[in-house]
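Trainee: Spelled out, the chains give:
There are 2 protein chains.
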Amino acid sequence: MNAISSASSVQTVHVPLGERAYDILIGPGLIARAGAEIASRLKGRKAAIITDENVAPLYLEAVVASLNAAGIVSAEVVLPAGEKTKSFEHLIDVCDKVLEARVERNDCVIALGGGVIGDLSGFAAGIVRRGVRFVQVPTSLLAQVDSSVGGKTGINSSRHGKNLIGVFHQPDLVLADTDVLNTLSGREFRAGYAEVAKYGLIDKPDFFAWLEANWKSVFTGGSARIEAIAASCQAKADVVVADERETGQRALLNLGHTFGHALEAATAYDSRRLVHGEGVAIGMVLAHEFSARMNLASPDDARRVERHLKEVGLPTTMAEIPGELPPAESLMEAIAQDKKVKSGKLTFILTRGIGQSFVADDVPASEVLSFLREKHP
Amino acid sequence: MNAISSASSVQTVHVPLGERAYDILIGPGLIARAGAEIASRLKGRKAAIITDENVAPLYLEAVVASLNAAGIVSAEVVLPAGEKTKSFEHLIDVCDKVLEARVERNDCVIALGGGVIGDLSGFAAGIVRRGVRFVQVPTSLLAQVDSSVGGKTGINSSRHGKNLIGVFHQPDLVLADTDVLNTLSGREFRAGYAEVAKYGLIDKPDFFAWLEANWKSVFTGGSARIEAIAASCQAKADVVVADERETGQRALLNLGHTFGHALEAATAYDSRRLVHGEGVAIGMVLAHEFSARMNLASPDDARRVERHLKEVGLPTTMAEIPGELPPAESLMEAIAQDKKVKSGKLTFILTRGIGQSFVADDVPASEVLSFLREKHP
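So the sequences go chain by chain: A and B. Okay, so the first sequence: first residue is 4 according to this note's numbering, each after it adds one. Okay, so the second sequence: first residue is 4 according to this note's numbering, each after it adds one.
Simulated from the structure, these hints should not be mistaken for lab results. Hints may be right or wrong, so weigh each one.
Pairs involving identical chains hold if they fit within one copy or between any two copies, as the list cannot separate such chains.
To be verified - Pairs of lysine to aspartate or glutamate residues, derived as DMTMM-like cross-links and limited to a Cα-Cα distance of at most 20 Å, are as follows:
hint: 1; residue 1: K46; residue 2: E22
hint: 2; residue 1: K49; residue 2: D246
hint: 3; residue 1: K49; residue 2: E79
hint: 4; residue 1: K46; residue 2: D364
hint: 5; residue 1: K87; residue 2: D99
hint: 6; residue 1: K87; residue 2: E247
hint: 7; residue 1: K100; residue 2: E336
hint: 8; residue 1: K348; residue 2: E336
hint: 9; residue 1: K313; residue 2: E323
hint: 10; residue 1: K348; residue 2: E107
hint: 11; residue 1: K165; residue 2: D99
hint: 12; residue 1: K165; residue 2: E103
hint: 13; residue 1: K165; residue 2: E107
Hey, can you work out the whole structure from these sequences and the hints?
Mentor: In C-alpha cells:
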C-alpha cells in the first residue's frame, strides 16, 4: 500500500484487473476531494450522484460542491433508505435519471451511501448505454470494506430472492472517506467490523491477531482504523483479482455467510433483530464450531473467534437474537435453498483453524442439521 | 471456415474471444440438432426458451423436442412480437420466468426469434444471477447475419430512445438454421440482405462483387445462401474480436445506419413504411453519395451500390418511402441527437470507395444538412 503524496494519511489499494484496474483510496477528507480525484481519472465531465434519504442531508451538498469545483456537472437522485430500494422499480427510475442527465460512457454514476445504494447504482452504471463509469463513495464501514470493492452489483428479485439480478461491473474509483464513519452508530460500526475480522479468519491469521490487539484503536478512529480498512480492502482485492466472476476461490468471502443468511432470512431481514454483519458474526462462530465438530479444527479456535467478537460487542450465538427463531429444520431449509443440495451434500466454507478457511463441497446436510439442533436456543 | 463432420453442409464460424469464445453454426436442420449441439457444449441441463407469438407456432415445438431428446429440461416464454417488447416490463417478466425455471449459471437462456427476441433474451441472460449461458437461434436473416453475433444486448428506454439499456453478453453458441429463412417474406429477406451487402461495402470489395454476381442464388437458397451468411458472420466476428466493446473500429458496422436510423425515426418505426434493413439500404446509398460529394469517393461507386441494392428489390432513395417525410432539418436533428455534435462536427461512417469505409469524426453538420436538403424528395 502506498501513501498518496498530497495527503499522507490517505492510503491507496490498487486493484490490478487489467483494463478494469482501479484504486481504492482510504482516509479522511476524501469527500471534499471527490471532484478532484474523479476529474484526474475520468475523461467525462458529467455525473449522476445516487444516494438515499439518510445520507443526502449529511454529505450530498459536499459532494456536489467538490464536483462543481472540479468542473463536473452533476444530477442528484435521492432514494428511500433500506433494502427494499434494491428493486426493479428503483432501477428503472435511476436508469431514467442517469439518461436524463445525459451521462455518456466516459461520464460517471456516483454511489454515495451504503451497500444498497452501491449495489443498485453499480447495476445502473453497468447497463445504461451498456456501461458507463462508476465511482463508489461508501458511507458505512460495511460498504467500505466489502460491498464497494469487487464489482458485484444488483437488485433483489421480489419473488425469488436477494441479489439474483445484476452484473459484474467494477468501479473506476472507490473513495472510502473514513471521516464519515464517525456518524455511524456503534451497532452499525460493529456490524461492519465483523467483515473486517472475516478477512483475518479467511487467510490472514496475523491480521486477526493484530485486530485482537488493536481493535480498540480501530473503533476509536485514526491511523489504526485506516490501516484496518486498507488491509480489508487489500484482502478483498486479492480474492477478486484471483477470481473476478466467482467461479471458485471467491466463495471464501462467504465465510460465516451461509449460517448468517439463514439467520437473516429467519428474522425476515428485520434490522431491529439482526443486521447483516451481526448474522455474519454469529455465522463465523458457527462455522468455526462446526469445523471443530467435523474434526477439522481445534475447538480452541472457535472459542478464540467467539471471544474476540464478543469483546467488540457483536452477538456470537443464536440465543442473543431478540425474539423467537424458527426451528432448526427451517434454518436448514433456508440453507439448502441458498446453497443447492446435491445428493445430500452442501458446499460450505469451513476452516482448519484461524486464517485457514477453505471451500468444502461435500458437507453432509444431515451433519449440519444435527449441529443446528444442538446450537438452537 | 470449417465444414462440420456430421453435416457437411453446415458451416462453422468461430469467434475467438478468449474465455468468451463461441461458434456460429450455419446451415439446414440446425433446429432439430439444437439439443445435441447445446448438450455437447454446456454443462447445464436446464434451459429457458424465449420466443414470440409469430415464431412459437413455427419452431417452438421442434426446439423443445430436440432439447428433451438431449436430456435438457426447458421452460418456454412466449412474448408479443414487435419492437415494443424490448421494454423493462418484458425484461422483468423474462427474468422472473428464467429464475422460476431454476436456470443456474451453467444452464442457458435460448433466444428463438429475430433481433427483438435476441436482444431482450441476451440482456436477461446477462443479468440473471449476474450472467447465465446464452444460445441464439435466430429466425430472421437480419438476426442471423447481424444481431445474433457480437454480444450487444438490450432494451429501449421508453423516454430516451432505443437500445439505451443493456449489457455486452456474448452468446455461447449461435445456431443459424437456414431452413427457417424459407418462411420469411420476400421483403423480410431483402431487409436482411441489406446487412449482408453492408459487410462487402465496409471492407470486403471482393465479397460485394461476389454478391453482385451471385445474389440470385443467395435469394433462392442452397449453398450460396449459406456461403453468404457465413461470410457475413465471419466479417462481423472479425470486427467484434478487434473491438468487442465498441471503443473504435466496431463503429464501422454502422455504415448506412446514421441516415437509416434518422429515416426510421422519421417514419416513427412504422414497419409498414420502412423496416430497419430498408433504412440501412437507403442509408448506405446516401453514405456513398455523401462521400462522393465530399470528394472522398467516386460517384461511380455510389451508383454501383445503388444499382445492386435496387436490383435485389431494396429501396435506395428517400422518395421510395411511402407517406410524407419530415423536412431535412428534422432529419438532421434526429442525426444530431443520435450522434452528439461536437462544435458543429459529427462522427460518421464514410467511404473512399467500395469496401473502403472508415470512421470520420470531423464531418461538418452544415454539409450533411445541405446534402439532406438536396436529396429530400
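Trainee: Work down the list of hints and note, for each, if the structure agrees.
Mentor: Hint check results:
1. K46 <-> E22: within (15 Å within a copy, 29 Å between copies)
2. K49 <-> D246: Close neither inside one copy (32 Å) nor across copies (25 Å); limit 20 Å.
3. K49 <-> E79: The answer is within: 11 Å in one copy meets 20 Å, while 42 Å across copies does not.
4. K46 <-> D364: between (45 Å within a copy, 18 Å between copies)
5. K87 <-> D99: both (19 Å within a copy, 17 Å between copies)
6. K87 <-> E247: neither (27 Å within a copy, 35 Å between copies)
7. K100 <-> E336: Neither. Shortest intra-copy (40 Å) and inter-copy (22 Å) distances fail the 20 Å Cα cut-off.
8. K348 <-> E336: within (13 Å within a copy, 62 Å between copies)
9. K313 <-> E323: within (11 Å within a copy, 79 Å between copies)
10. K348 <-> E107: Between copies, since 18 Å is at most 20 Å while 47 Å is not.
11. K165 <-> D99: between (23 Å within a copy, 13 Å between copies)
12. K165 <-> E103: between (28 Å within a copy, 14 Å between copies)
13. K165 <-> E107: The answer is between: 15 Å across copies meets 20 Å, while 29 Å in one copy does not.
Violated hints, listed in ascending order, are 2, 6, 7; each of the other numbered hints is respected by the structure.
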